[in-house]
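Chemist: Here is what each chain is made of, one letter per residue.
Protein chains: 2
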Amino acid sequence: MSGQSPDQPHFATAAVLGVGLIGASFALAAKAAGLVDRVIGVARREETRRIALDRGAADEVTDDPVAAVAEADLVYLSVPVGVMDDMLAAMAPALRAGTLITDAASVKAHVCRAAEAVLPPTVAFVGGHPMAGSERSGPEAAREHLFRGHAYFLVPTSLGGDEALAKVACLVDAIGGVPSVVDASLHDHLVAATSHLPHAVAMALSLAVAELVPDHDARVRFTGSGLRDTTRIAASSPEVWRDIFLANAAEVVAGCRSASASLDALAEAIATGDADRLTDLLRDARAARLSLDAGRDRP
Amino acid sequence: MSGQSPDQPHFATAAVLGVGLIGASFALAAKAAGLVDRVIGVARREETRRIALDRGAADEVTDDPVAAVAEADLVYLSVPVGVMDDMLAAMAPALRAGTLITDAASVKAHVCRAAEAVLPPTVAFVGGHPMAGSERSGPEAAREHLFRGHAYFLVPTSLGGDEALAKVACLVDAIGGVPSVVDASLHDHLVAATSHLPHAVAMALSLAVAELVPDHDARVRFTGSGLRDTTRIAASSPEVWRDIFLANAAEVVAGCRSASASLDALAEAIATGDADRLTDLLRDARAARLSLDAGRDRP
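First to last, the sequence lines map onto chains A and X.
Under the working numbering, the first residue of the first sequence carries the number 1, and numbering increases by one thereafter.
Under the working numbering, the first residue of the second sequence carries the number 1001, and numbering increases by one thereafter.
Hints should not be assumed to be uniformly reliable.
Covered by chain A, per the in silico footprint, the following chain X stretches (three or more residues, Cβ under 8 Å) [said to hold, decoys possible]:
1. 1039-1048
2. 1108-1121
3. 1136-1146
4. 1186-1199
5. 1203-1214
6. 1273-1281
Hint data in this document are derived by calculation from the structure and do not stem from the laboratory.
The beta carbon of each residue, even a glycine, is placed where N, CA and C say it ideally should be.
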């Protein structure tokens, strides 16, 4: 990863706003690929800054995003969706002309619209969404190869156009990701179904099981790997997911309605003892699940 | 596991009806623990019989359950729920007086009622449900230690009473399981919430994602580990799960209604932008999920 091609973009100073799992991994990968000379890591928490520095994910750290972006020709925005609007507005006046900005939020229409609304026309903004993650979070979980082989969605905006898009695609490629350009609305529809809805469903199941079995000991004694796997992502951060759901509200609500209707159809077939209808539904569900793995290399 | 205590039950011939993952694992564990001298493995499919024999999970094999139980003083019923009624009725006339029968179905009220209705009063029946399993199925996946450390629920019936119950509890203990006596209705309520409902929810989610994203390539490209984990059990056998759902219909339907209501509550909070309500729901969901692991040794 340390060899760099002649047409690879290069930046003197990258400001990474939010040096958690994604931001710190980006910094490690970008430095290893020779894309940036210097990384300024920004985080509110002192401990996060210290770990990012210790791990080599930042050359300098600060809690001041405005001061950091003022020195940067590349800004990587890996803060939670809920603080994105305020962060974009705060940093806008401090950005230098020609700076390239990209983000890592899982909701794109909201973020790209906000960027177009508040950033100056002298900078470029390309929306990004790396399909990489980990059970763990924070800079302590960061690693250079986090993005390797994973899809990395890119959304063009009116700021910077095709040139900026091509530059970020090169950057993603250089850190091992697989760049894939997609329209913001389509992106948000697709991630609502494949990521936001599964979170909502896992959370609803978790709530239902607690309601159906209030006795904690009984719940634990009867819990097998099926329930554990199905609800694993229900333990995700409430604040992060509240903001994601609200930033992609219409799509997430439509997804919930669809899942609710499917569950009602299953319940109806069970309640009426309609074995044929139930078999059809379960066969369709099985085929749909198996199709998620089809044509995909095993991890 | 090969040492046997003096008060451990002992059987001359065990008939294992259904030598799949559970039945063949039981046979391997029972033989290793010195509980049985001889195992007759019963399966419809020739290949299943051959593998059970090759793996040492049976000393003899046959496709005739009636002939097998006629020679047995222990019968282990590990056939799908959907064929349990017919199997019990078919074997009833052939059973010898004093034979101990137990099953491994995940639904207990239905199976215990059926056993009490058709089996002769000269035999003993204790319902059983091992909380052990595997991604894989069939005798090729069987292993002696499958039950080790896992809860194994036991349901008393009017056939055999406390004496039979104590005998099966010793037997479960000897194969490494953790016997736990539970009333049939309570068992079915608890597994509806912790096992049957998660399957129904995973299947409903799988159907919804296919409906929301009909394009297969887009679905695969946007699928991450969250969706994969949450829907893993949706790939379970449609026929097996149809029969489980129908055998525990009232409880499963009540579970589906509860999950559907929780999903509607989430959707409502998202649709109305009620951030406080949404935060509360997601915090409750997270706490409920984390509680499933609390006080439990890591696998």
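Chemist: In terms of beta carbon proximity below 8 Å, does the region 1108-1121 of chain X have 3 or more residues touching chain A?
Modeler: Answer violated; 0 residues pass the 8 Å Cβ test.
Chemist: Under a C-beta cut-off of less than 8 Å, do 3 or more residues of the region 1186-1199 of chain X approach chain A closely enough to confirm the stated coverage?
Modeler: holds (count 10)
Chemist: Does the region 1273-1281 of chain X contain three or more residues whose Cβ lies closer than 8 Å to a Cβ of chain A?
Modeler: With 5 residues closer than 8 Å to chain A, the region 1273-1281 of chain X meets the three-residue bar; holds.
Chemist: Given that the region 1203-1214 of chain X was listed as covered by chain A, double-check it with a C-beta distance under 8 Å for 3 or more residues.
Modeler: With 11 residues close enough to chain A, the hint holds.
Chemist: Are 3 or more residues of the region 1039-1048 of chain X near chain A, judged by a Cβ distance of less than 8 Å?
Modeler: Result for this restraint: violated, n = 0.
Chemist: Check, residue by residue, whether the region 1136-1146 of chain X contains three or more positions whose beta-carbon lies closer than 8 Å to a beta-carbon of chain A, and give the verdict.
Modeler: Violated - the region 1136-1146 of chain X has 0 residues with a Cβ nearer than 8 Å to chain A, which falls short of three.
In terms of the numbered hints stated before, the structure departs from hints 1, 2, 3, listed from lowest to highest.
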